[in-house]
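Student: Given these sequences and hints, build the entire structure.
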Amino acid sequence: MRLPFETDAGIGTRATLGVIVLQTDETLEPEFARMMALDGVALHHSRIPMVPEVRPDTLARMEADLPAAARLFPPALEFDVIGYGCTSAATVIGSEAVARAVRAVHPQARVTDPLAAIAAAGRALGVRRLGFLTPYVAEVSARMRDRLTEAGFEIAGFGSFEEGDDRVVARITEASIGAGARRIAAGAEAVVMSCTNLRTLRIIPDIEAATGRPAISSNQALAWHMLRLAGIDDRLPQFGRLFDRPLRGA
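Numbering (my numbering), first residue to last: 1 to 250.
Read the hints as simulated data drawn from the structure, not as lab findings.
All figures in this text were calculated on a predicted structure; none of them were measured in a lab.
Mixed in with the good hints, there may be bad ones.
[As the list claims (entries may be wrong)] Pairwise CB distance ranges (calculated):
1. Gly187 <-> Leu77: 43 to 49 Å
2. Glu154 <-> Gly10: 42 to 48 Å
3. Glu26 <-> Met1: 41 to 47 Å
4. Arg100 <-> Glu29: 22 to 28 Å
5. Ala151 <-> Pro237: 21 to 27 Å
6. Ala76 <-> Asp234: 22 to 28 Å
Don't be surprised by glycine CBs; every beta carbon is placed ideally from N, CA and C.
Tutor: Here is the structure:
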């Protein structure tokens, strides 16, 4: 017996979002699941090949793979925003090149990445002096500091775990991340924790309470930026002061 049915507009009645996640990333999807749990917001994931070793040359390779990863999103959907979930690779490749690669497949979508999102978050919070924490090897961290400086920010404090294996980065404890963030907060107007594989979301409120400063992480900033670019202005202060702020400019 063939049953009758009706159709509707689907899940993304407010926004349809896509995020490209590294093959080695273990953290972005669980953290995004919490931040994107909004009625009418549909979030779709794709994966992109990445070896565990985080170096400039391995990061740069992903530029060629971005269009193929973007093609793996459901083809029937028109995406409002697509995010590329790698802070360090966005630094090496460049946000404009990331956007070009994704728009080659989804020309209608707005595109962002964690580096662009962190800069947008800093502007939305009205901060310039950043305490900056990374897990990266020195060369990758230095490039990111340069990019943030070029975007108009000042690095007031810096610390890194200097770990080159993404599998190890995913195992760095929240206690270690929180302690590091508190150490580099002095003299800063906000604390930035870079890397989508660092587990930061649960400790953002504790860091803000301990330091008296807003805390920005790669996943939090990327989720916030994607939602705001899609016109979703819901306030979600449980994920930090940033989620109380609208987008300042585009």
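Student: Evaluate each hint against the coordinates.
Tutor: Taking the hints in turn, this is what the structure says about them:
1. Gly187 <-> Leu77: 43 to 49 Å: Holds - the Cβ-Cβ distance for Gly187 and Leu77, about 45 Å, lies within 43 to 49 Å.
2. Glu154 <-> Gly10: 42 to 48 Å: holds, 45 Å
3. Glu26 <-> Met1: 41 to 47 Å: Given range 41 to 47 Å: holds, Cβ gap about 45 Å.
4. Arg100 <-> Glu29: 22 to 28 Å: At 25 Å between Cβs, range holds.
5. Ala151 <-> Pro237: 21 to 27 Å: holds, 25 Å
6. Ala76 <-> Asp234: 22 to 28 Å: Between Ala76 and Asp234, where Cβ atoms are some 26 Å apart, the hint holds.
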